[in-house]
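Enquirer: Order-wise, the sequence lines are chains Z and C.
First residue of the first sequence: 1, per my numbering; consecutive thereafter.
First residue of the second sequence: 1, per my numbering; consecutive thereafter.
Since the hints were made in silico from the structure, they are not lab data.
Some hints here could point you the wrong way.
To be clear about the criterion: a stretch of chain Z counts as covered by chain C if any three or more of its residues have a C-beta under 8 Å from a C-beta of chain C, and this derived list gives those stretches [unchecked claim]: (1) 8-16; (2) 22-35; (3) 62-74.
Sample of chain C residues facing chain Z (criterion: CB under 8 Å; computed from the structure) [claimed, not checked]: (4) ALA20; (5) ALA30; (6) ALA41; (7) MET109; (8) ALA113; (9) GLY348.
Just so we're clear, the structure is a prediction, and the values are computed from it rather than from any experiment.
Think of the CB as a built atom: it goes at the ideal place given N, C-alpha and C, for glycine as much as any other residue.
Read off the chains here:
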Amino acid sequence: MSEPVVWLTIFVLSVFVGVEVIAKVSSTLHTPLMSGANAIHGVILLGAVIVTGATDNTVALVVGLVAIVLAAVNMVGGFVVTDRMLQMFVRRRPSDRQDGRG
Amino acid sequence: MIPTWAQLVYLGCAVAFILALKGLAGPRTARAGNLIGAGAAVVAVATPFFYLDLDHVPLILAAVAIGSVIGVVGARRVQMTQMPQMVALFNGVGGGAAALVALVELYEMGPHAEEVGWFTLAATAFTILVGSVSFSGSAVTFAKLQELMTSRPVVFPGLPVVFGLAGIAGIALGVLVVTDPGVSFGIPLALLGLLVGVLLVLPVGGADVPIVISLLNAFTGLTVAAGGYVLGNVVLLVAGTLVGASGTFLTLLMARAMGRSVSNILFGALRGGSTLGAGEASDRPVRSAGPEDVAILLGYAERVIIVPGYGLAVAQAQHTLRELVDVLLTRGARVDYAIHPVAGRMPGHMNVLLAEAQVPYDQLVEMDDINGEFKHTDVVLVVGANDVVNPAAKTTPGAPIYGMPILDVDEARQVVFLKRSMRPGFAGIENELLFDPRTTLLFGDAKDSLAKVLSAVKGL
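Chain Z on its own, in the form it takes in the complex (with noise of 0.2 Å):
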């Protein structure tokens, strides 16, 4: 396979992947989920990682070290806003569990 072709399989396969996991989600979970997506695709501080380290322009690194400002900013606080909503969830689950009992 080409180069490019290798790409577009992971693409479709990852699409594929993205839909499947998610498609049974209740939406009591939709507000957590939204924001945990969100989050994962901070992941881009990696990108900006990268061109920033690699870069000898100063205007292009003063670009850069916004766009990794920017990127931690959304990967950080994301995972951290999506578990303080999460922890709401976990903590009502003992009276889940007397429910069942009961």
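Since the structure of chain Z is already known, use the hints to place chain C on it.
Expert: Coordinates of chain C only, in the frame set by chain Z:
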């Protein structure tokens, strides 16, 4: 060339992101899924430090630290009620970062663009354009949800023409970036993307904004995927594609829950398809009552259903409401909360808000399970909700919410609305149910009203 060990680490991270999404989709595994995603993201970001000879490492680490601190502080400080705009903000900066990364990469390509190939350049142009759309579009959704600007659709004459021209200009600039690589066309492309993002979100009404956040989230995912192709990085490609695909699917699910189509949400106002009410307080007569009257209605009812809305959360009245429900339960009534799929600002938002107030999970009943119950219900107490109980969704074909599944509150024997004023809800349309003879209104701040009703019920 990326060394094999690093490629294998990237592969592991890509698999971890799949597991993270899968975890997030289930109630028991959600928190673990989020942690797996966070771990994979940290590992992925750390990897290039070990195989690339990166320059400016101290500056890079400082920028990462600054961004992380802003992210953590923002994420910890935000109120649960403001969660949707926080997600919008995080999404927007992610899209902006992707666009900037592509701009820097385009600059670096400049001298040896011949070897790069048109497809990579097209992916770069895509990242710049769509990343910018996501950035400015998210900024407008933030302003709408935070009520820094009107939450009603903003339409001006000629908007469809401007939007069309901007779209054509975007394609033209994209082609120019491919044929003549360099930031001289890349920067105008980014600026145009910012304009398109604003134009895309302005005409969207407040109630539909959460769906747009989800859509922009998918956009950012796709830009990250395209960025991954440009940089030849498989983690970015897989993570971005996963978010793009699942985000698109989630957008469709949300739209279905609201009975809307995505194209109608985005372009309905442009086509003049969604007519909106006056958006002002009506002076038609209503039946309003004091807290004592409401207390008597509730105190002697056998079957009560609570319909919580965003107004409840804004007033921070969840705890007072829970106390009231506890008192009603000890008086022998059957009480449940009816949760509309889009109660609050986003699907599932109300569940988060009530969970925060420690309302037992088994008292929360979803719309489809409770809609049959309303006709056997003595009193429905609607606290800070409006659009999700508006019968116009069933009866008025021209209304913007027409077709949205609603809670059939109008079938109950008595309906009590706790409202601040006669102002219409987020969708900006009048609710006929407010003028129904079976309806009683108690005006005031939800927390205040609930506290008064609570003490009156205790005194019965």
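Enquirer: Are the hints correct? Go through all of them and say.
Expert: Going down the list of hints, with the structure as the test:
1. Counting residues of the segment 8-16 of chain Z whose C-beta lies closer than 8 Å to any C-beta of chain C gives 5; at least three are required, and the coverage claim holds.
2. With 14 residues having a Cβ less than 8 Å from any Cβ of chain C, the segment 22-35 of chain Z passes the three-residue criterion, so the hint holds.
3. For the segment 62-74 of chain Z, the stated coverage by chain C holds: 12 residues have a C-beta nearer than 8 Å to a C-beta of that chain, and at least 3 were required.
4. For ALA20(C), the suggested interface contact is upheld, since its CB lies about 7 Å from the closest CB of chain Z, less than 8 Å.
5. Taking 8 Å as the C-beta contact cut-off toward chain Z, the hint placing ALA30(C) at the interface holds, the least distance being around 5 Å.
6. Nearest Cβ of chain Z to the Cβ of ALA41(C): about 5 Å, under the 8 Å cut. The hint holds.
7. Proximity of MET109(C) to chain Z is violated relative to the hint, the smallest CB-CB distance being about 11 Å (cut-off 8 Å).
8. Given hint, ALA113(C) at the interface with chain Z, is violated; its Cβ is 16 Å from that chain's nearest Cβ, farther than 8 Å.
9. The interface hint given for GLY348(C) is met, as the beta carbon of that residue sits about 4 Å from the closest beta carbon of chain Z, less than 8 Å.
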